[in-house]
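First to last, the sequence lines map onto chains Z and V.
Numbered according to the working numbering, the first sequence terminates at residue 404, and the numbering increases by one at each position without gaps.
Numbered according to the working numbering, the second sequence terminates at residue 404, and the numbering increases by one at each position without gaps.
Take these hints with a grain of salt, some might be off.
[Unchecked claim] Ranges of calculated distance between the beta carbons of each label pair, as one might list FRET restraints:
(1) Z/G364 x V/G244: 49 to 55 angstroms
(2) V/R219 x Z/G187: 22 to 28 angstroms
(3) V/E258 x Z/P308: 16 to 22 angstroms
(4) Z/H384 x V/A234: 37 to 43 angstroms
(5) Z/E258 x V/V287: 20 to 26 angstroms
(6) V/A281 x Z/Q226: 28 to 34 angstroms
(7) Z/G236 x V/Q225: 41 to 47 angstroms
Rather than coming from a laboratory, the hints here were simulated on the basis of the structure.
All values reported here derive from a predicted model rather than from experimental measurement.
Here a beta-carbon is modelled for each residue, glycine too, at the ideal position from N, C-alpha and C.
There are 2 protein chains.
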Amino acid sequence: MEFSTEFDARLGRGDVTLAERDVELLRTVDDHGSINAAATALGRSYSRAQQRIVELEEAFGELVERTRGGAGGGGSRLTDRAERLLSRYDRLRAEFSGVVETAETALSGRVVDREGELATVETTAGTVRALVPEGGEAVRLTLRADAVTLQSPSESPDGDRTSARNRVRGTVLTVDAGESVALVTVDVGGDVSLSALVTAASVEKLNLHRGTPVVASFKATATRGVRTD
Amino acid sequence: MEFSTEFDARLGRGDVTLAERDVELLRTVDDHGSINAAATALGRSYSRAQQRIVELEEAFGELVERTRGGAGGGGSRLTDRAERLLSRYDRLRAEFSGVVETAETALSGRVVDREGELATVETTAGTVRALVPEGGEAVRLTLRADAVTLQSPSESPDGDRTSARNRVRGTVLTVDAGESVALVTVDVGGDVSLSALVTAASVEKLNLHRGTPVVASFKATATRGVRTD
DNA sequence: TCTCGTTGTTTCTATGCCGATACAACGACG
DNA sequence: CGTCGTTGTATCGGCATAGAAACAACGAGA
Numbered sequence: 176m177e178f179s180t181e182f183d184a185r186l187g188r189g190d191v192t193l194a195e196r197d198v199e200l201l202r203t204v205d206d207h208g209s210i211n212a213a214a215t216a217l218g219r220s221y222s223r224a225q226q227r228i229v230e231l232e233e234a235f236g237e238l239v240e241r242t243r244g245g246a247g248g249g250g251s252r253l254t255d256r257a258e259r260l261l262s263r264y265d266r267l268r269a270e271f272s273g274v275v276e277t278a279e280t281a282l283s284g285r286v287v288d289r290e291g292e293l294a295t296v297e298t299t300a301g302t303v304r305a306l307v308p309e310g311g312e313a314v315r316l317t318l319r320a321d322a323v324t325l326q327s328p329s330e331s332p333d334g335d336r337t338s339a340r341n342r343v344r345g346t347v348l349t350v351d352a353g354e355s356v357a358l359v360t361v362d363v364g365g366d367v368s369l370s371a372l373v374t375a376a377s378v379e380k381l382n383l384h385r386g387t388p389v390v391a392s393f394k395a396t397a398t399r400g401v402r403t404d
Numbered sequence: 176m177e178f179s180t181e182f183d184a185r186l187g188r189g190d191v192t193l194a195e196r197d198v199e200l201l202r203t204v205d206d207h208g209s210i211n212a213a214a215t216a217l218g219r220s221y222s223r224a225q226q227r228i229v230e231l232e233e234a235f236g237e238l239v240e241r242t243r244g245g246a247g248g249g250g251s252r253l254t255d256r257a258e259r260l261l262s263r264y265d266r267l268r269a270e271f272s273g274v275v276e277t278a279e280t281a282l283s284g285r286v287v288d289r290e291g292e293l294a295t296v297e298t299t300a301g302t303v304r305a306l307v308p309e310g311g312e313a314v315r316l317t318l319r320a321d322a323v324t325l326q327s328p329s330e331s332p333d334g335d336r337t338s339a340r341n342r343v344r345g346t347v348l349t350v351d352a353g354e355s356v357a358l359v360t361v362d363v364g365g366d367v368s369l370s371a372l373v374t375a376a377s378v379e380k381l382n383l384h385r386g387t388p389v390v391a392s393f394k395a396t397a398t399r400g401v402r403t404d
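Model the full structure from these sequences, guided by the hints.
So this is what it looks like as structure tokens:
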């Protein structure tokens, strides 16, 4: 069954949280030069918009510099603090978007050893280390495609000199090339294949196509599990 | 300024979206054995809870198996479909949590070349490849600590045989050891340091401590940018 | 066949959020 | 010194959401 995955991001400070709606408002104030024009442009009431800005400022500091009088009657513009806040929000949202957009591999497995939140998990694709919250036995691991590094088997070092502890041999199943990046699926012996997001340049350098033998490596700290029991 | 980063995750199908509140309800139905008991336990009204379940089922299929009659008057339990749905939601939420909890490095830079959404960006830490949405010039790159692999400089291959295209030399600044994982900051010459989340085992194997020379490598596809202009 | 607590359905009501409206205060510009 | 469109403030009303309450229907078990 196919779902759409959605989210909304918030930045909290005290008991006030900055949400998408607030960001939209502040951005529009910046664009239109006044709270009034911004509210109108967004189809929102001025009074609520103004109140909301005051509320946000109580938590986040001065965000909007108001001026009154003059030819145009006055206006408002964002402070540097507000710009930084919006930039911070953008990055947060971009990261969440990354989660939603990036392909992922899900592996079912069983915890066989554990040291703190670092677990050793037996999966169909082999034994991997992963971060798993305490308490679980049966787990499901999630691994983002952009966390998987592919390399040529001949170059595969002994693994003692890198912090990427998980290392699986396999052969390339498919290469779905985009404009500048490609989604590569790798058969690693289990019932599911492993997805890796690599650049087009890497596809060429590693000569990736169906049948290419590769070593897929990924960090334990980038492999996260949730319990399923 | 320190913020709390929050999110809520949703799974959509058609025009119905499964939110945290719904997951909570379904889980409680499972725990208590009836919609009625679940609603009471959550301090919610039975009628709304029941209506919501029907609404969810119209989009997601049968989620709750109801029975009426018998000693206890009947009851409800979750279907396999519901269990799978909840598991799927858990993994999504876990991924978002990962974003919130994982340390990250932010690099300011400037796009000097671009091929599709893959950009070459000059930063204070050197030249890196990153995924940047079209249109930007000045960008801010975000790199998750769990996406950074550390390796010993002696073992650093020529880079043509791996798909981790970004490679930066540096020296370890700090090692913040947790129970089983450690957050390592690496001085890479710029004004900011690079954070890497590695296992305690890797700290030992690579002999990481202040002053250790390392090569930090990370994939272009795991480096995401947002424009700042 | 009766009992029981459930499911299923309807209606009323409380609440919170927000737009709409009205009006006072402001102050640089002309 | 008046004008102008802004900021700032208070109040009313609409709308959506959800709890409260009441009641019918159900059906396995005693």
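Hints versus structure:
| no. | hint | in the structure |
| --- | --- | --- |
| 1 | Z/G364 x V/G244: 49 to 55 angstroms | 50 angstroms, holds |
| 2 | V/R219 x Z/G187: 22 to 28 angstroms | 25 angstroms, holds |
| 3 | V/E258 x Z/P308: 16 to 22 angstroms | 19 angstroms, holds |
| 4 | Z/H384 x V/A234: 37 to 43 angstroms | 40 angstroms, holds |
| 5 | Z/E258 x V/V287: 20 to 26 angstroms | 24 angstroms, holds |
| 6 | V/A281 x Z/Q226: 28 to 34 angstroms | 32 angstroms, holds |
| 7 | Z/G236 x V/Q225: 41 to 47 angstroms | 46 angstroms, holds |
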